[in-house]
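Student: Each chain, written out:
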Amino acid sequence: MHIVVCIKQVPDSAQIRVHPVTNTIMRQGVPAIVNPYDLFSLEEALRLKDRFGGKVTMLCMGPPQAEDALRKCISYGADDAVLVTDRAFAGADTLATSYALAAAIRQIAKEQAVDIVFTGKQTIDGDTAQVGPGIAKRMGLQLLTYVSKIVETDLDARTIIVERRAEGGVQVLKTALPCLVTMLENTNELRFATLPSMIHAAGFPVRKWNREQAGIEDVSRIGLKGSPTVVSKVFGPTPRSEKAEMLELDTSSLRDVSLNLLQKIFTRHPTLEADLLMKGTS
Amino acid sequence: MKKPSQFDAIVVGAGPSGNAAAYLMAKAGLKVLQIERGEYPGSKNVQGAILYAKALEEIIPDFREDAPLERHIIEQRMWMLDDTSFVGTHVRSDDYNKPPYNRYTIIRAQFDKWFSSKVREAGGLLICETTVNHLIMDGDQVVGVQCDREQGDVYADVVILADGVNSTLARKAGFHGEIEARNVALAVKEILFMPEETIRQRFNIGEEEGVVIEMVGRITDGMMGTGFLYTNKESLTIGVGCMLSDFKKNPNRTSPYVLLEQMKHHPSIAPLIAGGEMKEYCAHLIPEGGFNAVPQVYGHGWMIVGDSGGFVNAAHREGSNLAMTTGRLAAETVIAAKAAGRGYRANALSPYKAALDDSFVMKDLHKYRDMPDILHRNPQFFTTYPDLLANAARTMITVDGVDKKTKKREVMSSFRQRRSLSGLVGDAYKLWRAFR
Amino acid sequence: MNAPTVPDRKPAAPARRAGGRNLELPEHLKAYKGVWVFLEHDLGHVHSVSWELLGEARKLADKLGSDVAVAVLGGPDEPLEQFAAEAFGFGADKAYVMHDPVLLGYRNEPFTKGLTDLVNRYQPEILLLGATSMGRDLAGSVATTLATGLTADCTELNIDPASRALAATRPTFGGSLLCTIMTLAYRPQMATVRPRVMAMPQAQAGRAGEIVQETLGLVETAIVTKLLDFIADANSNRINLPYADVIVSGGKGLKNPENFRLVFELARVLGGEVGATRPCVQAGWVDAERQVGQTGKTVRPKLYIAAGISGAIQHRVGMESSDVIVAINTDANAPIFDFAHYGIVGNALQVLPALTQAFADHLALRGKAAA
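Chains as they are written, first to last, in our numbering: chain V, 1 to 282; chain Z, 1001 to 1436; chain C, 2001 to 2371.
Note that these hints are calculated values from the structure, not bench results.
Be a bit skeptical, because a hint or two may be false.
[To be verified] The calculated DSS-like cross-link candidates involving lysine-lysine, where the alpha carbons are at most 25 Å apart (straight line), are: (1) Z:Lys1054 to Z:Lys1367; (2) V:Lys279 to C:Lys2226; (3) Z:Lys1113 to V:Lys208; (4) Z:Lys1408 to Z:Lys1172; (5) V:Lys174 to C:Lys2226; (6) C:Lys2302 to V:Lys243; (7) V:Lys264 to C:Lys2302; (8) Z:Lys1338 to Z:Lys1031; (9) C:Lys2226 to Z:Lys1279; (10) V:Lys243 to C:Lys2252; (11) C:Lys2063 to V:Lys233; (12) Z:Lys1279 to C:Lys2255; (13) V:Lys208 to Z:Lys1118; (14) C:Lys2059 to C:Lys2094; (15) V:Lys233 to C:Lys2059; (16) Z:Lys1027 to Z:Lys1098; (17) V:Lys225 to V:Lys208; (18) V:Lys225 to C:Lys2226; (19) Z:Lys1279 to Z:Lys1113; (20) C:Lys2368 to V:Lys264; (21) V:Lys49 to V:Lys174; (22) C:Lys2302 to V:Lys279.
Model the full structure from these sequences, guided by the hints.
Tutor: Below you can see the structure in the form of structure tokens.
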């Protein structure tokens, strides 16, 4: 079995801060991490490898330092890693990204046919969830998103059955390999890397491809040129003009403050009191 | 049964001392594995931070080309503060503006990452998020380390302990005892974001120039310690540290964080940091025991470098340069031992100690060996004197119709009252002895 | 959603330069007109997010002087025409309806083909979908098939007066900043919006529109993915946070999970739901379904009471459209007081029970009076 897992290296957004006055993003020392959603897909891929044997190849489109993210995945047990890195990719939106990744996967498949492509559900810096569906469309792969469980994989029959989270319930879908899967978060728990695999990853020769090696011929489809969406501006949220009306606790009793607050709320929202009363009686 | 070595050397820790050692050994062609417990090199490290260029030059001569440096220091201010004022000395010279610069402010998270990338470029292998639990012994010889991961044993000819002030490895192996509270300081610091333009104007410096302010006095609430304020490119670092033993003894139970808050509100300091937005807060222990607290630093198959060996010159607030130098000397010892091919018993590694003794590291520590003790036993340097000096200065400077001779008598009498003549003489002697 | 005015202040980062690419709309794409909404439906009713989008679509179309249409796909017996009629009431002018056996139950392949065929045939300039499991699955495939731009999880949709293009605003850099994204040289401009971010529009009775029936042209045997089953979630204990009209929320300021019972108690008296901040969910204090915020649910209740919540931007964007926001926090400088309507600087552990008692007493009194 040959599985390709696509990851993205993202800034740890929990640690990004914005200066309130100048609106500059303070990214000093913010560590770059593997997009957390991708790790659920990675773990699922490794579990399939544990069961069926075979190979897991990591793929990432990014700047040179994204190599660290790929190494991390090797330490968890992936077998190979390809970093597609080229200045020509800069400024790519999701359409251009899925184009580049699809081309790279085709190159990888030339060495060994690919059975499943995994991507993360979405990224924490983009949230779009578009790259997975984009790759599937370009490669003619059956698309399975929001997968909560891989129920059955039959390599001989070349079929796969999954549970997919939908509104109000779970769909059970069966489709053919090769396919593209995005895993829902918290559907599995990532294993710990052993020391030997950490050491192995530390010295692992991550393959680096520029756009030619990635099999990309049409440069108008990648990077800024290949991106239909344009960021026209970045700005800070407008602060509200009125701050909260504060109710002082030290001058009145808690009871009085509470009753006062109620009066204010009901005055401000005329129908609320009636709604609450209705709930009480129903 | 001893397993064969997978590596020539294992370095535990990816701070300045570990990076220095790993870098030089890897460059010399040795197989090096570096093990860091933090998420990335520098994540567990805290420093002021000032980089003393000389020590790094001896490891990476052209570090200025791509190392992340904030500002080079052109002005040093030393302040003695009481509650409302300070008496200080400023030293500023354009000589400091002549490259190559001698001192820089740095931000450790970025600096350590850079230094670590150099190690990897040189061929060293680095793994992070991995803690070494203990050393693996074969009889009395260290032959490897055991880590907190599955299949966590790895073997090497030499293990260099660069695991910082809180090192448990050496202690567990019996190489030295517990760190004592009197030999360690607890320091806290904040990095405050501030636009470059503001920094330039407030501190009267150019784009790449920096100021360092070192402070003693009331800011440490009677405890033995110092405060500091450094200018980075777009931020200020402000911090304070005191002896851990003093924190414990302090009747007010003042916590380090409270100390820092008070310091930030001091009327002389507050205007300098006004408008700064805190973007990082951290705390760390600093070895302060000096010469007398340096443990055994080598043995059969092992060496200690950096904070782990207590190599900090508290009098001059130098630590990272000693760390890097000890790392370098340890690396050179290993490289020589490998070339000599006669194993790694203590006698093969003893040149490390000899090199240390011969270098500024032990020479400086020796010179200031009495200082920690003297200062411990003479808290008046952190309480009475700042008060007296500030008062004296105020008295002399204030123009209020009192003639100068009277003022001078007042000042002298205030000193004598607080300290008595013999006390003053004794203090002068002690200071002389401490800094001799 | 309260529309923050587009700020007069200068943007923090300059707009990207063309970089050699074409930012002019090609001639043949200028014919694309109309604002479309994909109607997501399930089990006999339309998902509210589609109506919320329809409200926005109407505003956009009015600015452009265009029509609003909905695209609704489903099985032969599904009440799609009824959905269309509802859509007209919410402001749609047209409905493109596609019945087909293979469209019974959502699958990526037939729905992608159906929607892209409709788009290629009728050429809307804007296409909006809800950012739900179905919407995101479909939007990514459709956008790639049409080779056009897609902006996800938008918090605001506008028309840029100069270019007449869709200006889609969404959070960026972990939610600390906002960015406006446009698709200038491609059509249709696609955007997804999460449920409850936009307000539910008012339905207008008696509003009519035109239904256009279309065919899909796919046979089941040609479709590789099969829908074997649908397992509905158990209905009991379902937390319906996004549509609750009273929410009492707790944050880390409550100090420990046990104190959440005070939040539950107040919610009970008010007949409301309980929400929480992400740190509480991550700490395992409450169910993930209760998370309000950028990576959780967006809510717009009549009353939102925030206890022990600092008001960081990631939480704020999930609830700032609430009609009345009351904040309780021991820190007078907590950012939540910048956008709440009423604030109490105090300990939630004391204030919550007091409020609970006050509400209970008041409602009991008024209830008796009404009876």
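Student: If a hint holds in the structure, say so; if it doesn't, say that too.
Tutor: These are the hints, each one checked on the structure:
Using a Cα cut-off of 25 Å, the hinted pair lysine 1054 of chain Z and lysine 1367 of chain Z holds, with the two alpha carbons roughly 20 Å apart. A hinted pair counts as satisfied when its Cα atoms are at most 25 Å apart, and lysine 279 of chain V with lysine 2226 of chain C does not qualify at roughly 44 Å. The straight-line distance between the Cα atoms of lysine 1113 of chain Z and lysine 208 of chain V is roughly 22 Å, inside the 25 Å bound, and the hint therefore holds. As the CA atoms of lysine 1408 of chain Z and lysine 1172 of chain Z are separated by approximately 59 Å, the hinted pair breaks the 25 Å bound.
Between lysine 174 of chain V and lysine 2226 of chain C the CA atoms are separated by roughly 5 Å; this keeps the pair inside 25 Å, and the hint holds. Under the criterion of a C-alpha separation no larger than 25 Å, the hint pairing lysine 2302 of chain C with lysine 243 of chain V is consistent with the structure, at around 19 Å. Restraint check for lysine 264 of chain V and lysine 2302 of chain C: the C-alpha separation of about 14 Å stays at or below 25 Å, so the hint holds. Restraint check for lysine 1338 of chain Z and lysine 1031 of chain Z: the C-alpha separation of about 11 Å stays at or below 25 Å, so the hint holds.
A distance of roughly 52 Å separates the Cα atoms of lysine 2226 of chain C and lysine 1279 of chain Z; the hinted pair therefore is violated under the 25 Å criterion. For the hint pairing lysine 243 of chain V with lysine 2252 of chain C, the CA-to-CA distance comes to about 22 Å; that is within 25 Å, so the pair holds. Restraint check for lysine 2063 of chain C and lysine 233 of chain V: satisfied, since their Cα atoms lie roughly 21 Å apart, inside the 25 Å limit. With a C-alpha separation of about 24 Å, the suggested pairing of lysine 1279 of chain Z with lysine 2255 of chain C holds against the 25 Å cut-off.
Between lysine 208 of chain V and lysine 1118 of chain Z the CA atoms are separated by roughly 20 Å; this keeps the pair inside 25 Å, and the hint holds. Proposed proximity of lysine 2059 of chain C and lysine 2094 of chain C is supported: the alpha carbons are some 16 Å apart, at most 25 Å. Proximity of lysine 233 of chain V to lysine 2059 of chain C is assessed by CA-CA distance (about 22 Å); at most 25 Å being required, the pair is judged to hold. About 31 Å separates the Cα atoms of lysine 1027 of chain Z and lysine 1098 of chain Z, which puts this hinted pair outside 25 Å; it is violated.
Among the hinted pairs, lysine 225 of chain V with lysine 208 of chain V is consistent with the structure: their alpha-carbon atoms are about 22 Å apart, no more than 25 Å. Simply put, lysine 225 of chain V and lysine 2226 of chain C have alpha-carbon atoms about 37 Å apart, too far for the 25 Å limit, and the pair is violated. Of the pairs offered as hints, the one joining lysine 1279 of chain Z and lysine 1113 of chain Z holds, with about 19 Å between alpha carbons and a cut-off of 25 Å not exceeded. This hinted pair checks out: lysine 2368 of chain C and lysine 264 of chain V have alpha carbons roughly 21 Å apart, not beyond 25 Å.
Between the alpha carbons of lysine 49 of chain V and lysine 174 of chain V the distance comes to roughly 20 Å, so the proposed pair stays at or under 25 Å and holds. Straight-line distance between C-alpha atoms of lysine 2302 of chain C and lysine 279 of chain V comes to about 14 Å, which keeps the hinted pair within the 25 Å bound.
Violated hints, in rising order: 2, 4, 9, 16, 18; the structure is consistent with all others.
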